[in-house]
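Now for the letters of each chain:
Number of protein chains: 2
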Amino acid sequence: MRMSELSAKSGVAIPTIKYYLREGLLPQGAQIAATRAEYDESHLRRLRLIRALLEVGRLPVAAIKQVIEAVEDETLPTHIMLGIAHYALSPKVEPESGEEWQLARAQVDGLIDDLGWQIHPEAPTRDELAQTLVRMRQLGLPINLSPYVETARKLVSEIEIDTIPFDGPRDAAVEALVLGTVLYGRAFDVLRRLAHESESARRMGS
Amino acid sequence: MRMSELSAKSGVAIPTIKYYLREGLLPQGAQIAATRAEYDESHLRRLRLIRALLEVGRLPVAAIKQVIEAVEDETLPTHIMLGIAHYALSPKVEPESGEEWQLARAQVDGLIDDLGWQIHPEAPTRDELAQTLVRMRQLGLPINLSPYVETARKLVSEIEIDTIPFDGPRDAAVEALVLGTVLYGRAFDVLRRLAHESESARRMGS
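Protein chains in written order, with the numbering used here: chain D, 1 to 206; chain V, 1 to 206.
No false leads were mixed into what you were given.
Pulled a few chain D residues facing chain V out of the computed Cβ check, cut under 7 Å: (1) T78; (2) A152; (3) L191; (4) H196.
Derived CB-CB ranges, DEER-like: (5) V/Q66 to D/G140: 19 to 29 Å; (6) V/P15 to D/I14: 48 to 58 Å; (7) D/Q138 to V/R22: 25 to 35 Å; (8) D/A34 to V/Q102: 47 to 57 Å; (9) D/R58 to V/Q102: 24 to 34 Å; (10) D/I14 to V/L103: 23 to 33 Å; (11) D/R58 to V/D167: 35 to 45 Å; (12) D/Q138 to V/L103: 42 to 52 Å.
Since the hints were made in silico from the structure, they are not lab data. In this text the structure is predicted, and so the values were computed from the model without any measurement. Yeah, the Cβ is synthetic: ideal placement off N, Cα and C, and Gly gets one too.
With the hints as extra help, turn the sequences into a complete structure.
The structure is reproduced here in structure tokens:
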């Protein structure tokens, strides 16, 4: 298909498609004449992925570039590629100095070991969880992660992981991961606040 | 205690305390001399609440004012006061025009009815969930909320609701709600991403 058709089918404007081509986010089409290139389904799929990362994941273009490079590097095993997408979605957390941080980080590493979870030693999510624990401790909240661990484990292993097409095109797997992580995460967060409102009304007997 | 002691105990700087007094977020102390006011535990508790709303909930001052007004209006039942805090934490979502939105919103209202959840008809969380459903549908994601509903219900009714001191000071109940919603929400979100990494490594057999 020509660029105009690619634009119509993807809903991405032509100047934006040209920008993605210049930035290397979208592979060049097949040059079939001096002023004409031909695009196919793989370009459509890539545009879907970029939109998902940009609009739903709200990633900056630099982070999108990292993810795309992982998608294109076919020597990377699928789960490493997915890990890169996951890490791009995770906020960057600066480790803090002091004993409080050391303790929280050791607690996170211990938890992951005890669970037997396969998590990269450098995964930024370890620091993200450590930071959350430090804040909880500073604010005097009781720290009992067990129900959250069990809930997350169950949700992911019984439901969410099956929505990722591990054997399909690499673009599609990353897209499913990003959309699932962000949108089902948002849905769960709203449902949790709704459950809070209802349960507190019930307890107050109104 | 004097303002200097209130500042030391709360970790809030004196100019900031004066700002909260001017804005009406913090009640005036008892005037015991022309240039001296006396503060007590209720002021400390209020400062804790303001910090929780500001630093953990990341609410703008205008929203904090609404929550504080609800805390101070003792004619409001506790669960209405907590609802106001909850709504302040929820992003504002503009209803969209078109049939897609109508359908999603009807689906949300139907879900809440079916569950028998006690949710205010004007709760902004209804629109927030409708928006999430519209995005899922536009992106072609399967919409099956059941496992999320069940998970949220269980987590809230069996664990989280018991961390809210309904019978204690009103400030303390709101503080517990805000801290719990934001920090346990964040903890769950990280754990879910960790579970994804581990489960996808397991499935890929590495």
